[in-house]
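Could you build all of it, start to finish, from the sequences and the hints given here?
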Amino acid sequence: MSPTILQGNPAAPSPPIPPLPGRPGGSTGGAAPEAPAVGIEGQGTTGGAPGTPANRTTSTEVPSIPFDPNLALQQATPIIGMSLAMVVVIFIGFPLTLAYTRRLARRATAGTVQAGDLQPQLRQLQESVDAMAIELERISEAQRFQAKLMAERGMSLPEGRSPG
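FYI, the numbering for the sequence shown is 9 to 172, going by this note's numbering.
Read the hints as simulated data drawn from the structure, not as lab findings. The reader is advised that the hints may include incorrect statements.
Okay, the calculated beta carbon distance ranges per label pair [claimed, not checked]:
hint	residue 1	residue 2	range
1	LEU133	VAL96	51 to 59 Å
2	LEU92	GLN122	22 to 30 Å
3	GLY124	GLY162	57 to 65 Å
4	ARG115	ILE87	37 to 45 Å
For each residue, glycine too, the CB sits at the ideal point set by N, CA and C.
Given below as structure tokens:
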């Protein structure tokens with residue numbers, strides 16, 4: 009380490025504080041130029057040991073910040089726009105979204121039928137299919153019987169006549 013750090017001296021002096029800009033209009037109000045707010049080892053100080061509290065000078069004048077009403081209005085415009093968009097989303101978009109989701113939910117439940125509601129219909133359908141199967145069996149049995157009868161008669165018919 010360097011001997012200056014061990015002795016408590018700063019490694020490098022800080023740069024001087026730049027002077028504040030003057031008031032709009034170009035005049036400083038007749039006041040003397042401002043001194044730096046804090047003296048830094050021989051900069052802006054008068055006599056005495058460097059770094060002692062008696063060696064520091066302060067400024068009592070508060071710098072004035074220029075106020076531009078147009079600048080404030082320009083910066084407020086995007087905030088107003090975002091606030092309006094948020095209000096529109098809350099009061100218009102949210103109810104529309106709720107209505108749409110309810111509509112989808114109704115559509116999804118409209119096509120479904122409970123199993124208890126289908127039991128009588130399924131039973132009736134089963135009975136109808138069974139009845140049709142029985143009728144088809146009867147018709148096919150009747151056709152076989154007629155075919156058998158016609159085959160027996162066909163042997164006894166004369167040669168020139170065909171059955172039918």
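How the hints compare with the structure:
no., hint, in the structure
1, LEU133 - VAL96: 51 to 59 Å, "holds (54 Å)"
2, LEU92 - GLN122: 22 to 30 Å, "violated (48 Å)"
3, GLY124 - GLY162: 57 to 65 Å, "holds (58 Å)"
4, ARG115 - ILE87: 37 to 45 Å, "holds (41 Å)"
When the structure is compared with the earlier hints, a violation turns up for hint 2 alone.
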